[in-house]
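There are 2 protein chains.
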Amino acid sequence: MSAVPHLTFDVSRLGMIEGHLVVPKGADCEALSLPVISLNKGEGPRLLITGGCHGDELEGPIVARRLVDWLLETQTCGRVVIVPVLNPPAVQASSRNTPIDGLNLNRVFPGRADGSVTERIANAVSRLLLPMADTIFDLHSFGPMWEFPPATTTHPLADPDLMARTIRMAEAFKLPMTMVWEHPETPGMLDLVVQSQGKVFVCAELGGGTVSAEGLAIYEAGLRNALIALGLVEGEAEYPTFRHKKSTQILETQRSSDELKSPASGIFEPRCSVLDNVHEGDLIGILHPMGSLSTDAIDLRAPEMCIVYAIRSGAYVNINEGVALLARPLKR
Amino acid sequence: MSAVPHLTFDVSRLGMIEGHLVVPKGADCEALSLPVISLNKGEGPRLLITGGCHGDELEGPIVARRLVDWLLETQTCGRVVIVPVLNPPAVQASSRNTPIDGLNLNRVFPGRADGSVTERIANAVSRLLLPMADTIFDLHSFGPMWEFPPATTTHPLADPDLMARTIRMAEAFKLPMTMVWEHPETPGMLDLVVQSQGKVFVCAELGGGTVSAEGLAIYEAGLRNALIALGLVEGEAEYPTFRHKKSTQILETQRSSDELKSPASGIFEPRCSVLDNVHEGDLIGILHPMGSLSTDAIDLRAPEMCIVYAIRSGAYVNINEGVALLARPLKR
Chain X
1 MSAVPHLTFD VSRLGMIEGH LVVPKGADCE ALSLPVISLN KGEGPRLLIT GGCHGDELEG
61 PIVARRLVDW LLETQTCGRV VIVPVLNPPA VQASSRNTPI DGLNLNRVFP GRADGSVTER
121 IANAVSRLLL PMADTIFDLH SFGPMWEFPP ATTTHPLADP DLMARTIRMA EAFKLPMTMV
181 WEHPETPGML DLVVQSQGKV FVCAELGGGT VSAEGLAIYE AGLRNALIAL GLVEGEAEYP
241 TFRHKKSTQI LETQRSSDEL KSPASGIFEP RCSVLDNVHE GDLIGILHPM GSLSTDAIDL
301 RAPEMCIVYA IRSGAYVNIN EGVALLARPL KR
Chain D
1001 MSAVPHLTFD VSRLGMIEGH LVVPKGADCE ALSLPVISLN KGEGPRLLIT GGCHGDELEG
1061 PIVARRLVDW LLETQTCGRV VIVPVLNPPA VQASSRNTPI DGLNLNRVFP GRADGSVTER
1121 IANAVSRLLL PMADTIFDLH SFGPMWEFPP ATTTHPLADP DLMARTIRMA EAFKLPMTMV
1181 WEHPETPGML DLVVQSQGKV FVCAELGGGT VSAEGLAIYE AGLRNALIAL GLVEGEAEYP
1241 TFRHKKSTQI LETQRSSDEL KSPASGIFEP RCSVLDNVHE GDLIGILHPM GSLSTDAIDL
1301 RAPEMCIVYA IRSGAYVNIN EGVALLARPL KR
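Taken in sequence, the protein lines are chains X and D.
Residue 1 is where the first sequence starts when you use the working numbering, and the numbers rise one by one after that.
Residue 1001 is where the second sequence starts when you use the working numbering, and the numbers rise one by one after that.
Worth flagging that the hints you see were computed from the coordinates, not collected in a lab.
This structure is a prediction, so every number in the text was calculated from the model and none was measured.
There may be inaccurate statements among the hints.
[Unchecked claim] In silico lysine-lysine, DSS-like type, Cα no more than 25 Å apart, as pairs:
no.	chain 1	residue 1	chain 2	residue 2
1	X	K246	D	K1331
2	X	K246	D	K1245
3	D	K1331	D	K1245
4	X	K245	D	K1199
5	X	K245	D	K1245
6	D	K1199	D	K1331
7	X	K41	X	K199
8	D	K1041	D	K1199
9	X	K199	X	K331
[Said to hold, decoys possible] A few chain D residues facing chain X, derived, Cβ under 7 Å:
no.	residue
10	M1163
11	S1212
12	A1213
13	A1264
14	I1267
15	S1292
[Said to hold, decoys possible] Sample of chain X residues lacking proximity to chain D, with all beta carbon distances greater than 10 Å (derived):
no.	residue
16	R96
17	V193
18	G314
Ideal Cβ placement from N, Cα and C applies to all residues, glycine included.
Input sequences plus hints: build the corresponding full structure.
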């Protein structure tokens, strides 16, 4: 058995090929075979679409698979490589991190050949998949415990040309929200590795809460819009309908300081919806301590005029747990 | 310390009283104090509203609390006793069952005074709360992993008079769905204890998936409608808007045989929404086995003309796990 990661097919072959990315076995588990589809129409843009980095975000794996049939009918040039599930053990466990070693795949890039299974997956992706593409779409979501609009996201980038190209690509999805979020430097993220190679990386955060047929249709429309914008497919993009609107807005936020945290442990009651515009003092949610009743409820109010772009599902939360995330229109 | 469950207030007192139901300590944990609100305007219907039986169904605890302020302004007669959280340890753990003894509170009624904590809660509720009411609303939901419409539910009852009164009460919520479901006899459910006393019991299943501000507004409207129908409050009921419609339908189902199960383990992709009418052969969802790609996807189709009343969130499911629940209009 080979101890290096490898693909079971020749990526230069034209047409549709189904194969696998093999991640070698290690001390902690057997080899993994990640299904990969290559749709190759020759010259043109080279795109990689990945999903299932976190095992409790299933929008990506489902939508990535859906694109295959559509691309078979519509693709005119270039190559699209699709890996619906980057982290099969995490998906099978419905857990964010890999259950075998407890690691978050999106914190260990570029990975290690002799590391634990999560690091070996990252290593295989970095060595074999990333070199095949100029543009990468990584499909995430906010997970089941948040209300979150279908969105593409990116971070401020030092290179102004790469920043402009990335934002242009993110906006081409025409999802209800395009988000530029700044958060504390987090080593090991896939985007950092890709961007350090000068490539365009767009992270799609395909909603939160229940993964529904309605939501999936919106996410698929966003991906199709992006493939049309890249020139892989001929056609016209359309704004998907979300909350009765067909529109997009580009927002910015500081992930840490724009987080509304629970002032106590108790039951969080959401009082607004995602993409609601709120003014200073508007009610965003209520925290109900458990041991007593209405007299002790704590109102959580907007600190300033802003847009609520994510809000926790009503649930028991601990003190200092984030319950709402706030943003403002991007100043270009 | 008293070893019997007790209330910290006199339920015959008029006006609003906040107090506690004390569940005695046992070998497994200290005494619990469950917040209780009594709103007493004298003669009239006697209603008990309970929520938080299962710790991952937070719609009930939130909506139950919300009613207090409204009742203070609007109640004209009778008594409403509200217990937002029946099972505080389960709510704090966000788990269906009580984490301390692993028991499902809705399977241990009428409980045991010398049992484990879940049995002691059931015992306290049976002895002290149930005798105070003629009508009981128990607020549940389908939990975070299902799409489910706001609904009231009941079971076929042997007593035709009680059945008629129960259905009348369930329909008075005017939620999008009123469900009569038959499932295998399950001992220990709260409804069975209440119904054996000849009282009206309505289980509200307040949706599934994310607990959102939008959903909570629908559930609150349903509860208000029911309180108006009971005569506790004067006013006019209104159909809440759900999926662009203001309507209700009454359905019936056999919980076990009307369940569409996953034919294999893999990623379930929902292809329809709750309350969709489907014909025989219509696509309800797709099961994607993990190890391979599109060629092995399994279509899950409607076995006959029916209404999809619940559908799983897109997620990894095991073989034989339920992924959709089907119903038909009730034959009266």
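Status of the hints after comparison with the structure:
1. Taken as a hint, the X/K246 and D/K1331 pair is broken in the structure, with Cα atoms around 41 Å apart against an allowance of 25 Å.
2. As the CA atoms of X/K246 and D/K1245 are separated by approximately 20 Å, the hinted pair is consistent with the 25 Å bound.
3. Among the hinted pairs, D/K1331 with D/K1245 is consistent with the structure: their alpha-carbon atoms are about 23 Å apart, no more than 25 Å.
4. Distance check on the hinted pair: X/K245 and D/K1199 sit about 46 Å apart at the alpha-carbon level, beyond 25 Å; violated.
5. Among the hinted pairs, X/K245 with D/K1245 is consistent with the structure: their alpha-carbon atoms are about 17 Å apart, no more than 25 Å.
6. Of the supplied pair hints, the one linking D/K1199 and D/K1331 holds, its CA atoms being roughly 24 Å apart against a limit of 25 Å.
7. A hinted pair counts as satisfied when its Cα atoms are at most 25 Å apart, and X/K41 with X/K199 qualifies at roughly 21 Å.
8. Under the criterion of a C-alpha separation no larger than 25 Å, the hint pairing D/K1041 with D/K1199 is consistent with the structure, at around 21 Å.
9. Our distance criterion of 25 Å between C-alpha atoms is met by X/K199 and X/K331, whose separation comes to about 24 Å.
10. Taking 7 Å as the C-beta cut-off, the interface hint given for D/M1163 is violated, the closest approach to chain X being about 33 Å.
11. Given the 7 Å rule on beta carbons, the hint for D/S1212 holds: about 5 Å separates it from the nearest Cβ of chain X.
12. The interface hint given for D/A1213 holds, since its Cβ lies 5 Å from the closest Cβ of chain X, which is under the 7 Å cut-off.
13. The closest approach between the C-beta of D/A1264 and any C-beta of chain X is roughly 13 Å, which is over the 7 Å cut-off, so the hint fails.
14. Because the beta carbon of D/I1267 sits about 6 Å from the nearest beta carbon in chain X, less than 7 Å, this interface hint is met.
15. About 6 Å separates the beta-carbon of D/S1292 from the nearest beta-carbon of chain X, less than 7 Å, and the hint is met.
16. Interface exclusion of X/R96 from chain D stands, the closest Cβ pair being 13 Å apart, more than 10 Å.
17. Its beta-carbon lying about 26 Å from the closest one in chain D, X/V193 satisfies the requirement of being farther than 10 Å from that chain.
18. With a cut of 10 Å on Cβ distances, X/G314 falls inside the contact zone with chain D, its closest approach being about 3 Å.
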